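Enquirer: Sequence:
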Amino acid sequence: MSVLKRLARARSGVAAVEMALGLPVVLMLGMWGAELGSLAITHMRVSQLAMQIADNGSRIGDVSMLESLKIYESDINDILSGANVQSGNLDLFEHGRVVISSLEVVPSTADTQYIHWQRCKGKRDYQSTYGPEGTGTDGSLGGMGPAGEEVTAAKDDAVIFVEIEYAYQPLISDTFVGDPVIRTTATFNVRDDRDLSQIYQRNAVSPDPVARCNVYDGIS
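The sequence shown begins at 282 in my numbering and counts up one residue at a time.
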């Protein structure tokens, strides 16, 4: 009988029921926060990759005191390979696609904008929002970029415009953020006088591969 009285007067215990009810909510909030943080970091990393590619694309070219800089297919391939390394665990070309465009002025015109050449890499089914290479020769292209904020090239100059589309890979589960697709752009003016006539091959007998936009592959 004394045991029952002690139990009736007891006020100690554990909050097992409260813990059991609250823990799933706390865990869900924690995982949701972690996934949102991962998504934000991925946005930043993809944006930085686009800037890096555009910046590198604006700098490439053989240095010569006698003629304008020439760019080669191998230069563009090196830029894409570098981006693949920089992307790390994002696996950029497995889950995304990079489009590099050279925006220029149509020869023999004052300011008609067109996409002179374009190179792509990545397995994702994505093409440039602004059209393939050659777009604008008929005067239909006002520039590249968001409406009202288009960038344009000056005569005898070029602008490197980079687009990336990347399918976000969830850290924990797509339950928390859905299935978001990250799209970003970056642009840089070519830094020096460049031979705008074409992209060259260093060895015509054994040409370097061309990152054509009708091919959907990664870095081999």
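Keep in mind that the hints were calculated from the coordinates and are not lab data. Fair warning: this is a prediction, and the values are worked out from it, not measured in the lab. Beta carbons: idealized from backbone N, C-alpha and C, even for Gly. Be a bit skeptical, because a hint or two may be false.
To be verified - Mimicking DMTMM-like on lysine to aspartate or glutamate, the simulated pairs with C-alpha atoms at most 20 Å apart in a straight line are:
#1 Lys436 <-> Glu375
#2 Lys404 <-> Asp498
#3 Lys436 <-> Asp489
#4 Lys404 <-> Asp438
#5 Lys351 <-> Glu414
#6 Lys351 <-> Glu375
#7 Lys351 <-> Asp473
#8 Lys436 <-> Glu414
#9 Lys404 <-> Asp473
#10 Lys351 <-> Asp460
#11 Lys351 <-> Asp419
#12 Lys351 <-> Asp489
#13 Lys436 <-> Asp473
#14 Lys436 <-> Asp476
#15 Lys351 <-> Glu430
#16 Lys436 <-> Asp419
#17 Lys286 <-> Glu375
#18 Lys404 <-> Asp336
#19 Lys404 <-> Asp437
Claimed, not checked - The calculated label-pair distances, taken between Cβ atoms and stated as ranges, are:
#20 Glu414 <-> Met309: 30 to 38 Å
#21 Leu317 <-> Asp437: 41 to 49 Å
#22 Val366 <-> Met309: 14 to 22 Å
Enquirer: Looking at the structure, which of the earlier hints fail to hold?
Expert: 1, 3, 4, 6, 9, 10, 11, 15, 17, 18, 19, 20, 22
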